Amino acid sequence: MSSVIKIENVTKIYENGALGLKDFSLDIEKGEFVFIVGQSGSGKSTFMRILLKEIEPTTGDVFIDNTELSLLKRKKVPYLRRKLGCVFQDFRLLPSKTVYENVAFAMQVVESSNRNIRRSVPQVLSLVGLHKKAKSYPDQLSGGEKQRVAIARAIINKPPILLADEPTGNLDPDTAWEIMELLKEINSRGTTVVMATHAKDIVNKMRKRVVHIENGVLISDVAEGGYDDEV
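Taking the numbering used here, the leading residue of the sequence shown gets -3, the next gets one more, and so forth.
Bear in mind the hints are in silico, worked out from the structure with no lab data behind them. No experiment lies behind these values; they were computed from the predicted model shown. Each hint should be verified, as a subset may be incorrect.
[As the list claims (entries may be wrong)] For each label pair, taking beta carbons as the anchor points, the in silico distance ranges come out as:
1. I9 - E97: 33 to 43 Å
2. F101 - D19: 35 to 45 Å
3. D224 - R45: 19 to 29 Å
4. V106 - G27: 20 to 30 Å
5. D224 - E11: 25 to 35 Å
6. K131 - G37: 35 to 45 Å
7. D224 - K71: 38 to 48 Å
8. Y133 - S66: 38 to 48 Å
9. P156 - N110: 16 to 26 Å
Cβ atoms here follow ideal geometry from the backbone N, Cα and C, with glycine treated the same way.
Input sequences plus hints: build the corresponding full structure.
Okay, structure coming up:
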């Protein structure tokens, strides 16, 4: 097995002096499903933003798919992000585009051919259970359906890594479980899934690897863990 994400001794101190991460190291292997847990302000968002190269660590090294982020030129950042599908709590769909167009847009950005788009978008909408909603607009969808569109958009270009930042945060419990089943299915097809969450019940039931961060520090890293293991 090889690491698709490798973080070595990363510290992030913001300009206002706030600590994001402190001497943080983590290896994530290809095909893993990893929960990142901790209270608000613990460092989960800092961790995610560093992976996306939205912010830079103060010290330490970050590698994604063997690429050292600190050596990556700005013009190469979009190519890095093609390796990272992203799903957020607030969906971030384009309101003026249909479900089909929202997903197709992610392919247009990377200059896929129209033929490839026409073939791929219906396939991924079927995977997330939305093939009948292709012509609907975001304001015509439930919260769960919006998140399914966001997941479809995140995986349409077949990234090796899917980052999910509180993807069930705005959903009721039943819908949240439907989204988790979908993420499990995507993971079973070989995609590495890294999910930041507060959802104790989900973490405790799924028994995946659990990385717990508090005050920017790695508190525990349990292979088949629960939310409160070793905390």
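- prompt: Between V106 and G27, does the beta-carbon spacing fit 20 to 30 Å?
  reply: holds (23 Å)
query: Is the distance from the Cβ of Y133 to the Cβ of S66 consistent with 38 to 48 Å?
result: 41 Å Cβ-Cβ, so the 38 to 48 Å window holds.
- prompt: If you check the beta carbons of D224 and R45, does the distance land in 19 to 29 Å?
  reply: holds (26 Å)
N110 and P156 - C-beta distance against the hinted 16 to 26 Å: Between P156 and N110, where Cβ atoms are some 25 Å apart, the hint holds.
task: Using the Cβ atoms, figure out if F101 sits within 35 to 45 Å of D19.
output: Holds - the Cβ-Cβ distance for F101 and D19, about 39 Å, lies within 35 to 45 Å.
message: For the hint 33 to 43 Å, verify it against the beta carbon of I9 and that of E97.
response: Once the Cβ atoms are compared, 41 Å apart, the range 33 to 43 Å for E97 and I9 holds.
- prompt: Using the C-beta atoms of D224 and K71, is the stated range 38 to 48 Å upheld?
  reply: holds (44 Å)
query: Does the hinted range 35 to 45 Å hold for K131 and G37 at CB?
result: holds (41 Å)
query: At the C-beta level, are D224 and E11 separated by a distance inside 25 to 35 Å?
result: holds (33 Å)
Going through the hint list in order, the structure satisfies each hint without exception.
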